[in-house]
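Peer 1: Sequence:
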Amino acid sequence: MFKNVFTFLLLISIEISVGQTLYKNQNYSEVNKTTHTYSSQGNKTLLLDFYKAKQNEQTTPLIIYVHGGGFSGGKRDESEIVSFATKLAQYGYAVASVSYQLTMKGIGFGCNVNTDKKIEAINTASNDVNLAVKYILENNNKFKIDTTKIVLSGSSAGAETVLNMVYTYKDGVLSPDFSYAGVIGMAGAITTLSNINENSAIPTQLFHGTGDRLVPYNIAPHHYCTPDSSGYLMLFGSKAIAKRLSGLGTSYYLYTIEGGSHEWASLPITQCFDEIIDFIYNDVLETESKRQTIRTINSVSPN
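All the letters of the sequence shown, read from the start, carry residue numbers 742 to 1044 under the numbering used here.
Everything labelled a hint here was simulated from the structure, so no lab data went into it.
Keep in mind that this is a model prediction, so the values were computed, not measured.
Just to be clear, a hint being listed does not mean it is correct.
[As the list claims (entries may be wrong)] Below, simulated DSS-like cross-link-like pairs (lysine-lysine); rule was C-alpha separation at most 27 Å, straight line: (1) K816 x K875; (2) K911 x K980; (3) K828 x K785; (4) K875 x K885.
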């Protein structure tokens, strides 16, 4: 009898301990990864990899990750992405790493590529990722995610995609009352700041190197193209987005790497995991208090 009571109390103690640190510390070891077709039209098949800890039966926040590659390359299951998604799942999150149409494959994304095609590529990727989220929402009986806690994240082209989804592009795929809970952009930018307002602003984390020559840290043309080039596209990078958010009472977390190049589009998932967890846990999940949180971190690139 005493043994049974002790075992029961021990289980309660473990559950309370996990509950107190869930999403902030590693609680699980084994992670399930499953692959799903979220869109199939003609010869276009789009997949997502879904990660969740084997023992995690709870309804959990979902982190969407969108890979980079200039809308012409990159894969959802690159080794660093798999490691990142697995580690997040060990902390208690569900993760979906999403493939999208690489419409610029064989074309590139440089100054000789028409501006309209660049914008179309970003919008197409945004639409694809929204379709992936719709698929998860419609099949939530098996995914078991908290539909009010979906966080977008992405690197380079993926960052441009997720920031575009939140602050620029609307496609009607998701219901009008749906809202993403947060967004993480790693060396990303948007084409306008005018749509960032009190109604649209959400907790935003931004990683960017000041020496990025592809996607501007502040305000500059994409790839620093000259005004007479066919690919001239003015972009508003991480600093400009943070400045816009600063006056709206919205949480943001700007991580600046002084002298950092565009490689910092991919480095945060391996070198800044703690900062990502800090943002999601404290700013998105609102476990501390409902207040504006402003974090501005300056780091120096080791390169």
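Peer 1: Hey, K816 versus K875, does the alpha-carbon distance stay inside 27 Å?
Peer 2: 21 Å, holds
Peer 1: Are K828 and K785 close enough, with their CA atoms no more than 27 Å apart?
Peer 2: It is violated: about 30 Å lies between the C-alpha atoms, which goes past 27 Å.
Peer 1: Could you grab the alpha-carbon distance between K875 and K885 and see if it respects the 27 Å cut-off?
Peer 2: Between K875 and K885 the Cα gap is close to 14 Å, so the pair holds against 27 Å.
Peer 1: Sort out whether K980 lies within 27 Å of K911, counting only the CA atoms.
Peer 2: Roughly 23 Å separates the two Cα atoms, so the pair holds.
In summary, the one numbered hint that this structure violates is 3.
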